[in-house]
Amino acid sequence: MLAVHGLTRQYGELRAVDNVTFEVPAGKMIGFVGGNGAGKTTTMRMIMGVLAPTAGEVSWEGRPASPGDRTRFGYMPEERGLYPKQPVLDQLTYLGRLHGMTQRAAHGRAKELLERFGLGERLKEKVEKLSLGNQQRAQIIASVLGDPVALILDEPFSGLDPAAVDQMADLLREHTSTGVPVLFSSHQLELVDRLCDGIVVLHKGKVVAQGTSEELRGNAPLRYVLSLTGDAGWVRGVPGIRVLDLDGGTVDLEPDSEEVAQRLLAEAVTRGGVREFTRVRPSLSEIYREVAAA
Amino acid sequence: MSTNTSLKPETSVETGAVTAAESAAKSPWALVALRELQVKLTDRNFLLGTGVTILLVGAVFALQGFLLGGGPPSFKVAVTDTAATTVLTQAEQDLQASDPEASVDVVEVADTAAAEALLTDEEVHGALLPAGDGWELVTNGETDSQMLSVITDAVRTTALQQNAEAAGTSLDALTVGTTVETRDLSGGDEQSRFVAWIAGFAMAMLFYMAAIMFGMAIANSVVEEKQSRIVEILAAAIPVRALLTGKVVGNTVLAFGQMALLGAVALVGLTFTDYDQYLSMLTEAFLWYIPFFVLGFLALACVWAAAGAMASRTEDLQSTTMPLTMVLVVVFIVGLSLDGAAKVIGSFVPVLSTILMPMRLLDGSAQWWEAVLALGITAAFCLLTIGAGTRLYRRSLLQTSGRVSLKAAWSGGE
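If you read the sequences in order, they're chains A and B. Position 241 (the first sequence) corresponds to 241 in the numbering used here; numbering is contiguous. Take the position in the second sequence, starting the count at 1, then add 1000; the result is the number in the numbering used here.
This is chain B alone, in the form it adopts within the complex (with noise of 0.2 Å):
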């Protein structure tokens, strides 16, 4: 793109003329870029699709939270007199040892009428009352066995700590040697690899999908332009880089919005439920995962495009961009495959290291200087495939009859 700006112009009406050519000049990619994004965000199957993904994930969360969790444990607890107050208080601080959050809220009756009036109201959960040497847990209906067996160690350990002392020794002395540690060689407790192996396979699965459908949208909107044959018209208003920019950039921005959109409501969904411990680390990875989606997406961004210039109809592109596709679906499967130094060295191969990488990050065994690395090879190579990507493209966009060979794109003048 030259326009030369040092020309004087000489009336007014060049003037006009000059600066318009000059706005165009500049910035024509920009216009391509935002027919992309009007085309794709008045498309109502896009929207419905998008719209349809998101509720379903919401959906996911929303059932785990339902289901399965239901927030922090939380019980209310009658009682009629201070020594099941003091037992409740060992309860709560027994369940707050793995969740913090719970809590065990005391109600303090008059009598056993009165509490059993507050159960029958279902204000309450159960009401602790003594009887006899020990003590009882009346419920209305169904018990609770969370509750059950907090109360019951409660009163264990609260009679047990009082029988210690009338015998003239402590608890923990009755205690000591009783206690079983646990030791994990793998480093990570059950659990929370769990999550990490779900995370992972969510953010490959969310690549390969974003990919895929959005690689087949640049080289569909490239071959509906050689199709319809407004592509010349184009092709002599701007120049043929500022066209393939403009969709690149266009469906890159698609891909990421509609990315970071899942992912801002798969983190959103997930304080909804027991998994919220895991939210700083599942945030820390998403971060990381982005620019690993970005130039994983750009690294195939223009190859995708010279597919759709090879192909001359709609019918052509499923040929055209079958190679695309295998190396996706390789991607996917592979990377979800790999183990041990496979995985290591599979996490920074381009591409694959958009699968990989974020999920080495997930579970532990990836530093942070691995990433960048892993980034910065993605990027020497995205301007690989972009060179070759463009030189595909220029060459075999105006040919509008047939397919166009690998061959006679790569060394057709143009």
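Excised from the complex, chain A in its bound form (with noise of 0.2 Å):
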């Protein structure tokens, strides 16, 4: 298990990451979500010991992460790239052999992977003549060559084509199910609402939730949409019931609870006909607006 305890890094006078504590289990993957400039990439940094926080530290299965432990993690910076005049093959071969991989091994994985993820004609060309779509699968590629015991992502998904993300999303889900845990940040919320365990929300350096999104949704205020086929205006006039949007037969609203609900949608039936009775669930991007405004 990796977890970071009381990370932060202060830059002058800008204390980008602010006493920042959260897990990622082994086997499961964590969505790390928050704006431009909320501390994301600081604190990944500082989790690879690329950056030396200012306090705080991280641990790998319960002891602090050595040097050693970090070699072992597989990383994609924000700012990434690969040797520009360098065969891609002998350029993964060669970050292979950095992460501790005899030259062998490291050949044949990266060999393999480039077949996976359909470079398999394009071993001996340069980066540089690769398109920008197939660079970023070798980048993707160098991340997870060395076996990594865990991955630390930065934005893996950013600038990937749908057939690139579900290859990735794929992969992820192969280094899960070994038991790696991943942490990935994201701006594309429903892809982390779709694949991640769990979530980081950062705001401002600091964690302002965190958890399932099942339990980010938990404290979330029950909501529904009610369609009818009769006009929807008598709905104003239910106790219990706050009307949030009404538009003819359409009406959102919130129900003080459950059986409120229901005994709403009770009357419904016996007035008219009912198209539609909908729990809405609060989408990611919804809860992370929350929590960012709080």
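One should not assume that every hint holds.
Within a straight-line C-alpha distance of at most 20 Å, the following computed DMTMM-like cross-link-like pairs (lysine to aspartate or glutamate) qualify [claimed, not checked]: (1) Lys126/A - Glu1092/B; (2) Lys1407/B - Glu13/A; (3) Lys85/A - Glu1224/B; (4) Lys206/A - Glu23/A; (5) Lys129/A - Asp1043/B; (6) Lys1076/B - Glu1092/B; (7) Lys28/A - Asp197/A.
Computed beta-carbon distance windows for the label pairs [as the list claims (entries may be wrong)]: (8) Leu1261/B - Thr21/A: 56 to 64 Å; (9) Ala55/A - Thr1325/B: 40 to 48 Å; (10) Ser1405/B - Ala55/A: 26 to 34 Å.
Since the hints were made in silico from the structure, they are not lab data. These numbers were taken from a predicted model, which means no experiment stands behind them. By construction, the Cβ of each residue, glycine as well, lies at the ideal position given by its N, Cα and C atoms.
Work from the hints to combine the two standalone chains into their complex.
Pasting the structure below:
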């Protein structure tokens, strides 16, 4: 398990990361969300040890993470690139060796992953000759090359086409299924919602919310949409119901409780045709906006 | 680097991973150094440049050999009687006094016609034939002036000797008081001073060129990693110190290799010229030069890396490496122009000593212990610059936006 305790980074007057504490349990995928400048990249750099924390610590398997541990973490930095003038296979082999693999193992693994990502024909091509999308794929391979024990990925999905997003998602699931903890940051909240077991929301350097998306939603108020064949104006008069929006036969509402909602539905049925009665689950972006605004 | 070796791996999978991490943690710098070598040694421009330089150095010596020397003087002369043989033996002795490898070969023939036949066939360079009271030197076409003068002298000496004996005295008695000895206050003779100066200049030039070329290569290799943004992946995979060590070691090996290759070509080339009598003196000086070259290069290597780290694009390199280029230009010019006490003092100043101490060893004005002392001072200076260079490198490596000022790099956090 990867964990950070009280991680803090001060840049002059600015406290970019402020007392951040969270865990990435083994085999779990944790989404790291927050606006630009929230401190995600700084936190990830401190986890990888490329940036020294002002305070706090990163722990791996219950003890402070050593440089040796970190050599075995897979990392995709926000600012990323490869040697433009070196053939892609050679270069990935080199990166694998830096992570402690033998020449043979690194070469084999790099080739296997390149083939899997549809780059089997371009092994000897220089990176600068690859399309942007293919460079991204090579970048992904670089981060998972050394059989990482943990994955720290800064915006791994940005710039990927839908096919590559699916390939990436599969790759991440493969890693979590073998017990590797994965932390990735993203602005694509739907994707985070779809993939992640848990979410950490960072705002102005502080963790403002964390948990599973269910847990985060649990705090959100109950909300329904009711759509009738006739006019829905009468709903305004029902006690215990707060109408958020009313448009002809459709009403967006917040009941005080589940019982109030059920009574409303029963009344609607007796009054005439009900087209739709749907529990509205707030999207992650709505939750995010709410916690970020708080 | 602190891989926890006391930690007992629990499963076989774990064992493999820990071993792998350990081996990477042990020598990632070696992987970086190997990559530096590989990139340079497969760079066509670098290979071409080195090849052309070696060819040029070889050509200089080949030309020297062909035009000026052509090996030791060696003449083949036909004779018809033993008196001529005596003269030629004397001529050979005279020649060997200045060049031990010189030779005069005697070919004995029956008569003048046979001698002339050999000349026509260009089998011999000349024929020494009796003519009246004296001698006749017959040649075919151009007469070698050295052959003419040495044989003329030998004829005179032989004749004088015989005449002296006939008069009841000896040649030594006749020539007593006719010798002129020379004494040069500067110590060595003109030629050896010239050779020492040329060799010193060549070594200074070689250091200057290599320091700039491979120093720039270090800075370039650092900024390339920053510009392409791969640096953060590297810094996360291995310690920044290992990355720096690998670059410095790789380029030092390259600089040393190129220097050794050029030095070897020059020394081998020397054996084909008239200057081969200086071979042992030059070889000794060159062996002293090697540690001065390596330490002089190392003294600046980490600073070159720092200059590379302070730039964020190749375009910035010119300004961040300017102080280093200036230092080397000044060292080169000052090194060549210093004289007297200033030269002695300069030969102990780090980097400057790489140029001046080999020169002083060449002209014989420095003792071996002075060279060792100068090397010690440079080694101590290296520790300083490596420390400072590493600090600047570490603190500016991950600043990928714009140039980093010296002040910011020095005081910035990691």
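Pair hint Lys1407/B and Glu13/A, alpha-carbon separation not exceeding 20 Å: holds (19 Å)
Given pair status - Glu1092/B, Lys126/A, alpha carbons within 20 Å: Violated, because 68 Å separates the two Cα atoms, which is more than 20 Å.
Verdict for Leu1261/B, Thr21/A (Cβ pair) under range 56 to 64 Å: holds (59 Å)
Status of the given 40 to 48 Å range, CB of Thr1325/B versus CB of Ala55/A: holds (42 Å)
Satisfaction of hint between Asp197/A and Lys28/A, Cα-Cα up to 20 Å: Within the cut-off at roughly 6 Å; holds.
Lys206/A paired with Glu23/A [C-alpha distance capped at 20 Å]: Given that 20 Å is the threshold and the Cα spacing comes to 15 Å, the pair holds.
Proposed proximity, Asp1043/B with Lys129/A (alpha carbon, max 20 Å): holds (18 Å)
Range hint compliance [Cβ, Ser1405/B to Ala55/A, 26 to 34 Å]: holds (27 Å)
Agreement of Lys1076/B and Glu1092/B with the hint, judged by alpha carbon distance not exceeding 20 Å: Measuring from Cα to Cα gives roughly 11 Å; hence the hint holds.
20 Å Cα cutoff - pair Lys85/A, Glu1224/B: holds (10 Å)
Checked against the numbered hints above, the structure breaks only hint 1 and satisfies the rest.
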